[in-house]
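Chemist: The chain contents come next:
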Amino acid sequence: MKVVQRPGMKGPEKIYVVEVLKGLWLTFSHVFYNLFHPEKLPTVFFPEEKKALPPATRGRHRLMKREDDSPRCTACMLCATACPAECIHIQAAESPDPNIEKFPEKFDIDMLRCVYCGFCVEACPLDAIRMDIPEVTVAGYTRDSLVYHKEFLMDHDNKDVVADYNPPRPVLWTHGPHAKP
Amino acid sequence: MDSQTFTLINITVMTVVAWIVPLQFVPVFIWLERKGSAIIQDRIGPDRTGILGFRLFGMVQNFADVVKLLMKENIVPANVNRFYFMLAPFWAMTVSLLPLLVVPFAAPLDFAGRTVRFQAADLGVGLLYILSITSMGVFGIILAGWSSNNKFSLLGGLRSSAQMISYELSMGLAMVGILMVYQDVRMSSIVEAQGRLLTAWGHTLPLPHWGIFLQPLSFLLFLVASFAETNRNPFDLAEGESELVAGFHVEYSSVKFSLFFMAEYSNMVVAAFVIATLFLGGYQVPFASTETLRQNPQLTLSLLCLLVALLKGTAGLIFYKIGNRQRHLYAGVKRAEPFLFSGLCFAVALAALALLAMGLTMGLPAWMNGVLTVFLQVLCLSLKVLFFCWLFVWVRWTLPRFRYDQLMKMGWKLMLPLALLNLLVTGVIILTQK
Amino acid sequence: MEVPDGTNVLEAALSNDVPLEHFCYHRYLPVAGNCRTCMVEIEGPKGAMLTIGCNTKVAEGMVIHTDTPKAKAAQKNALEMLLLDHPLDCPICDKAGECKLQNQYMEYGLYDFRRGVPRYFKGGKDEDIGEHVILDQERCVLCTRCIRFVDELPKTSELGIVNRGHESKITIFPGARLDNAYSGNVTDICPVGALTLKEFRFKQRVWFLKKTESVCPGCARGCNITVEHNRGRVYRFMPRESAELNKTWICDEGRFSFNYYQENRVEEVRVGSSPKTLKEGMEQLAGILSGLDKEEVAAIASPWASLEDNFILKKLFEKKFNVKNLVAPLWAKKGDTDHLLKLAEKYPNEQGLNLLGIPTDSKDFWDKMEKGAFKAVIVMSQNPFGQDEGRARKTYGKVKTLVVLSAHKTKTVEQASLVFPARPFTEKSGTFVNATSRLQRFRQAIEPENPDIVESSLGLCRLAKVLMVEGFEFEDTPSIFNAMAKEVEVLKGLTFHSIPPTGKVLDLNPIAPEPFQGVKAQPNVLGKAKA
Numbered sequence: 001m002k003v004v005q006r007p008g009m010k011g012p013e014k015i016y017v018v019e020v021l022k023g024l025w026l027t028f029s030h031v032f033y034n035l036f037h038p039e040k041l042p043t044v045f046f047p048e049e050k051k052a053l054p055p056a057t058r059g060r061h062r063l064m065k066r067e068d069d070s071p072r073c074t075a076c077m078l079c080a081t082a083c084p085a086e087c088i089h090i091q092a093a094e095s096p097d098p099n100i101e102k103f104p105e106k107f108d109i110d111m112l113r114c115v116y117c118g119f120c121v122e123a124c125p126l127d128a129i130r131m132d133i134p135e136v137t138v139a140g141y142t143r144d145s146l147v148y149h150k151e152f153l154m155d156h157d158n159k160d161v162v163a164d165y166n167p168p169r170p171v172l173w174t175h176g177p178h179a180k181p
Numbered sequence: 001m002d003s004q005t006f007t008l009i010n011i012t013v014m015t016v017v018a019w020i021v022p023l024q025f026v027p028v029f030i031w032l033e034r035k036g037s038a039i040i041q042d043r044i045g046p047d048r049t050g051i052l053g054f055r056l057f058g059m060v061q062n063f064a065d066v067v068k069l070l071m072k073e074n075i076v077p078a079n080v081n082r083f084y085f086m087l088a089p090f091w092a093m094t095v096s097l098l099p100l101l102v103v104p105f106a107a108p109l110d111f112a113g114r115t116v117r118f119q120a121a122d123l124g125v126g127l128l129y130i131l132s133i134t135s136m137g138v139f140g141i142i143l144a145g146w147s148s149n150n151k152f153s154l155l156g157g158l159r160s161s162a163q164m165i166s167y168e169l170s171m172g173l174a175m176v177g178i179l180m181v182y183q184d185v186r187m188s189s190i191v192e193a194q195g196r197l198l199t200a201w202g203h204t205l206p207l208p209h210w211g212i213f214l215q216p217l218s219f220l221l222f223l224v225a226s227f228a229e230t231n232r233n234p235f236d237l238a239e240g241e242s243e244l245v246a247g248f249h250v251e252y253s254s255v256k257f258s259l260f261f262m263a264e265y266s267n268m269v270v271a272a273f274v275i276a277t278l279f280l281g282g283y284q285v286p287f288a289s290t291e292t293l294r295q296n297p298q299l300t301l302s303l304l305c306l307l308v309a310l311l312k313g314t315a316g317l318i319f320y321k322i323g324n325r326q327r328h329l330y331a332g333v334k335r336a337e338p339f340l341f342s343g344l345c346f347a348v349a350l351a352a353l354a355l356l357a358m359g360l361t362m363g364l365p366a367w368m369n370g371v372l373t374v375f376l377q378v379l380c381l382s383l384k385v386l387f388f389c390w391l392f393v394w395v396r397w398t399l400p401r402f403r404y405d406q407l408m409k410m411g412w413k414l415m416l417p418l419a420l421l422n423l424l425v426t427g428v429i430i431l432t433q434k
Numbered sequence: 001m002e003v004p005d006g007t008n009v010l011e012a013a014l015s016n017d018v019p020l021e022h023f024c025y026h027r028y029l030p031v032a033g034n035c036r037t038c039m040v041e042i043e044g045p046k047g048a049m050l051t052i053g054c055n056t057k058v059a060e061g062m063v064i065h066t067d068t069p070k071a072k073a074a075q076k077n078a079l080e081m082l083l084l085d086h087p088l089d090c091p092i093c094d095k096a097g098e099c100k101l102q103n104q105y106m107e108y109g110l111y112d113f114r115r116g117v118p119r120y121f122k123g124g125k126d127e128d129i130g131e132h133v134i135l136d137q138e139r140c141v142l143c144t145r146c147i148r149f150v151d152e153l154p155k156t157s158e159l160g161i162v163n164r165g166h167e168s169k170i171t172i173f174p175g176a177r178l179d180n181a182y183s184g185n186v187t188d189i190c191p192v193g194a195l196t197l198k199e200f201r202f203k204q205r206v207w208f209l210k211k212t213e214s215v216c217p218g219c220a221r222g223c224n225i226t227v228e229h230n231r232g233r234v235y236r237f238m239p240r241e242s243a244e245l246n247k248t249w250i251c252d253e254g255r256f257s258f259n260y261y262q263e264n265r266v267e268e269v270r271v272g273s274s275p276k277t278l279k280e281g282m283e284q285l286a287g288i289l290s291g292l293d294k295e296e297v298a299a300i301a302s303p304w305a306s307l308e309d310n311f312i313l314k315k316l317f318e319k320k321f322n323v324k325n326l327v328a329p330l331w332a333k334k335g336d337t338d339h340l341l342k343l344a345e346k347y348p349n350e351q352g353l354n355l356l357g358i359p360t361d362s363k364d365f366w367d368k369m370e371k372g373a374f375k376a377v378i379v380m381s382q383n384p385f386g387q388d389e390g391r392a393r394k395t396y397g398k399v400k401t402l403v404v405l406s407a408h409k410t411k412t413v414e415q416a417s418l419v420f421p422a423r424p425f426t427e428k429s430g431t432f433v434n435a436t437s438r439l440q441r442f443r444q445a446i447e448p449e450n451p452d453i454v455e456s457s458l459g460l461c462r463l464a465k466v467l468m469v470e471g472f473e474f475e476d477t478p479s480i481f482n483a484m485a486k487e488v489e490v491l492k493g494l495t496f497h498s499i500p501p502t503g504k505v506l507d508l509n510p511i512a513p514e515p516f517q518g519v520k521a522q523p524n525v526l527g528k529a530k531a
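Protein chains in written order, with my numbering: chain A, 1 to 181; chain B, 1 to 434; chain C, 1 to 531.
Derived by calculation from the structure, the hints in this document are not laboratory data.
From a predicted model like this one, the values you see are computed outputs, not experimental measurements.
All C-beta atoms in this analysis are idealised placements derived from N, C-alpha and C, irrespective of residue type, glycine included.
Errors might be hidden in some of the hints.
To be verified - According to the in silico footprint, chain B covers these stretches of chain A (three or more CB under 8 Å from chain B):
hint : stretch
1    : 22-34
2    : 125-135
As the list claims (entries may be wrong) - DSS-like cross-link-like pairs, simulated, lysine-lysine; straight-line CA separation at most 27 Å:
hint : chain 1 : residue 1 : chain 2 : residue 2
3    : B       : Lys321    : A       : Lys40
4    : A       : Lys106    : C       : Lys375
5    : B       : Lys334    : A       : Lys40
6    : C       : Lys70     : C       : Lys100
7    : C       : Lys203    : A       : Lys150
8    : B       : Lys413    : A       : Lys50
9    : C       : Lys57     : C       : Lys70
10   : B       : Lys151    : A       : Lys22
11   : B       : Lys413    : A       : Lys10
12   : A       : Lys65     : A       : Lys159
13   : C       : Lys333    : C       : Lys294
14   : C       : Lys72     : C       : Lys100
15   : A       : Lys150    : C       : Lys363
16   : C       : Lys276    : C       : Lys411
17   : C       : Lys375    : C       : Lys465
18   : A       : Lys50     : B       : Lys334
19   : B       : Lys334    : A       : Lys22
20   : A       : Lys14     : B       : Lys413
21   : A       : Lys65     : C       : Lys125
22   : C       : Lys203    : A       : Lys65
23   : C       : Lys320    : C       : Lys276
24   : C       : Lys169    : C       : Lys100
25   : C       : Lys319    : A       : Lys106
26   : A       : Lys106    : C       : Lys125
27   : A       : Lys51     : B       : Lys321
28   : C       : Lys294    : C       : Lys371
29   : B       : Lys334    : A       : Lys51
30   : A       : Lys22     : A       : Lys10
31   : C       : Lys72     : C       : Lys528
32   : C       : Lys398    : C       : Lys371
33   : B       : Lys151    : A       : Lys10
Isolated chain A, as found in the complex:
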């Protein structure tokens, strides 16, 4: 075992004065510079100014749609299975579309429980759920308002998405009557 001595104070450090003055000079230099260059402060004026989020940002969830605006989700519940926070609640039902067997009658994400791990996106075999809406202000006045329902999650036609987010979409059925994206 090696005993490491504390460095301690040497010489003029012992009466603090010089070190204190050094510290004061450092902070003063910041004050002086910042006072006359307020435009160079790194602070972002958040609601008015928005930083461009990096492409790997995990934002708010959205449910992808097929061409006919029905959910791409087939309610397989793999996202709910993968979810470590148990925030996804799906209720499956028989789809009205004869070519689709199962669809989510309810698809709720409890944002108060969500930990933004992105496992649901990883788990989805159909790329039906993505986390690429760059909303970082998920807030509400009631608990209920933070449970996002299917309709809200699918309403993203006019919303920005995180740039360059385009994961390769898995192809399950290549041909046949049920080959649908």
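With chain A's structure known, arrange chains B and C on it following the hints.
Modeler: Frame of chain A; chains B and C shown alone:
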């Protein structure tokens, strides 16, 4: 009006002023603290709270805080000693407002045959009065710490009292040095004595006759001790958040907490006033004694106007830059406000310069001499006080907190011997001068 | 390894923890041998030869290899053939998670298709073939387990294979529907997701379900089941294998009764019409009871309640009141009965009453009650007003305090002056004795949210505590059972946890015949090796 009534009115007015000044300095100080800490740390600081879009560069945040603190529940925990628990914040606040009564804000002015004094009480024991009043401030903290019936508060109160007692010693000894050189404890006399130039062994030096030059070590000791006395970083062990939650005022909320909060800041304002008065010549303008200023109104006017123009010009420039930074973010009042203030500042600066030009070309009426001197001296004192207020902020956001053993070691083993040595040397020099 | 005579190779392997793949083979169905995945290598005079394990009986000195490269390759090829036209819609398939094909697919690592020709689609994604069952032709691997089941057990034979070659498919015969009383079982034995239950379809993924061993309380048979539940909700009852009793079958009536136990529940303690906490309710009841003579208090035990509930009620009456005022009338309507499992007597615990000596004959009791001898009557898990309301009104007319412990809202609950919510069998542990005298244990699956909902036995223990009667310091059901086992002769030496999972036959007279009368329910010899 006979002279007694006049004196009574004078004293009453100045008492009120001496009460209001620290109370007015407190919000400014808090704003200074917030903005100062932000700028030191490359941040922006409070910026959002506004009334009708007017944000006053974060000053409105203070209103919000006041409203918040007043609206909060005024909790008195069970098992506290109610009387002392309630007494403590009022005690702290009251004591912190008292010392300014003996601080002169400007030189006495002879006006229409009467002497107007800018000092509430010109006590013969002025300095001792300050010393005794400030030492009473520790009661508020001890009472709060003890009566809260809480371990953290008690520890905070204990630390605070030990610290105050330790540092009051060096503080008093540092003051003794001042007494020795000025040979008086009356505040007005001490300030008046600082209006001259420094003379040593018959030679006049190009330095004001200020405490800081006569007693540099004493100044340093007094400065450090006043940091300790006001429980201010790096000596804020009484409320060291990381160790004691909030120290002596853990159990206080709402108005009672805000009283402690304000007392703390007004204590610092008072400390700044006292330091400025004892060591930086109080209201004295450097190199220009009261007589000089009264005899040369042009000089007074130029100094005053140039000072105002410089300050307002700088402020205008900064406000303009801030406005430029934010112009693309907002519309309406929010956008216009910095430019409005910037323009106002520039206008005042220009007005000051115009006034200066007018005064220099057209000459001044005789009664203006005295008034201008008062203005200049009050401004000068305010600047000194603001500088020390800023120093409090500056030091807080630069230095880390001392450890308790370091605190005690420094108080007893470093500052006390130095203060005694300072007295010895001062005494020797004074003897050799005679 | 030595196994009983007549055991087939596959069964010998499975019974002794030797892994061997199989699809079409089912322990309680006749061997078909059509999937060819249980290929093994058997050493013979001409060298090792491949054969299917299910249809080969073991013989003296036989040497069988299950995991030689040759056997493995044969198994793998058979599996790949099965998978050729099987859709990979596992994410939407309700069998996913308990699908034999899926498990083996993962095990053998056949991740890539080798099919060069387009897939053949049989069509028929969701054919409605019965009251409870939906058929998906595409997923079917033609193992014929379902056909063999309907042929052998209910003997209704609704299902068959039509067409030939790759077009062959399972279907119902024209005009027939899969509506027999055991139709749900075909979905259990289907190794893929071809047959699914309407009642479970899309409701929950099977990997979310927690399984609790239990006993069906639908009739006196007491079939072994697992209660499958998630987040406080039961999603299905599944049969639990019991070679002695129900094999791997249960009737549809029992299977689909799971909703009954979680609907129409009594949610809170009620005194008069005002809700109370359990403590307040018990104190009020104790106040009423202690103000009465011990002859004025009567109780009705129940053949639906567990052994423990009845035992505690009886014990309370022995110690505090008169045990002669305790009866357990059997007044339920007779149900259907058949030669397989269903019994007409709908009481899961009638034998338990006999065991405890609680009389089911109650003529004197009613006479006394009608005369007004009883001021307070405690009714546990019974519904007298639901059977014959007119008679019940007359009978209970002079009873001042009618106390009901019930899980469900019944007519009796409406009439009661004090109501205590009880737990159904999914929410408590306990034991039943079935018609063939088999003592069977069920365990608690879910915990009700309201802590005031306690099982009847523990509720009565609390009452005893308030009444200052000693001997009721029980914390849970197992300890009640253990105390009961010390007192009751037939149960001597048993503890709650030592009851075998499939139950223990007690020394009592059976009140019903053994199941599977006239059916060859055990076509294969179970080949557990002799130690």
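Chemist: None of the hints should be skipped; say for each whether it holds.
Modeler: Going through the hints against the structure:
no., hint, result
1, 22-34, "holds (count 8)"
2, 125-135, "violated (count 0)"
3, B:Lys321 <-> A:Lys40, "10 Å, holds"
4, A:Lys106 <-> C:Lys375, "53 Å, violated"
5, B:Lys334 <-> A:Lys40, "20 Å, holds"
6, C:Lys70 <-> C:Lys100, "22 Å, holds"
7, C:Lys203 <-> A:Lys150, "18 Å, holds"
8, B:Lys413 <-> A:Lys50, "55 Å, violated"
9, C:Lys57 <-> C:Lys70, "21 Å, holds"
10, B:Lys151 <-> A:Lys22, "37 Å, violated"
11, B:Lys413 <-> A:Lys10, "17 Å, holds"
12, A:Lys65 <-> A:Lys159, "14 Å, holds"
13, C:Lys333 <-> C:Lys294, "33 Å, violated"
14, C:Lys72 <-> C:Lys100, "17 Å, holds"
15, A:Lys150 <-> C:Lys363, "61 Å, violated"
16, C:Lys276 <-> C:Lys411, "20 Å, holds"
17, C:Lys375 <-> C:Lys465, "21 Å, holds"
18, A:Lys50 <-> B:Lys334, "18 Å, holds"
19, B:Lys334 <-> A:Lys22, "39 Å, violated"
20, A:Lys14 <-> B:Lys413, "12 Å, holds"
21, A:Lys65 <-> C:Lys125, "23 Å, holds"
22, C:Lys203 <-> A:Lys65, "23 Å, holds"
23, C:Lys320 <-> C:Lys276, "25 Å, holds"
24, C:Lys169 <-> C:Lys100, "19 Å, holds"
25, C:Lys319 <-> A:Lys106, "55 Å, violated"
26, A:Lys106 <-> C:Lys125, "23 Å, holds"
27, A:Lys51 <-> B:Lys321, "22 Å, holds"
28, C:Lys294 <-> C:Lys371, "17 Å, holds"
29, B:Lys334 <-> A:Lys51, "21 Å, holds"
30, A:Lys22 <-> A:Lys10, "16 Å, holds"
31, C:Lys72 <-> C:Lys528, "24 Å, holds"
32, C:Lys398 <-> C:Lys371, "8 Å, holds"
33, B:Lys151 <-> A:Lys10, "37 Å, violated"
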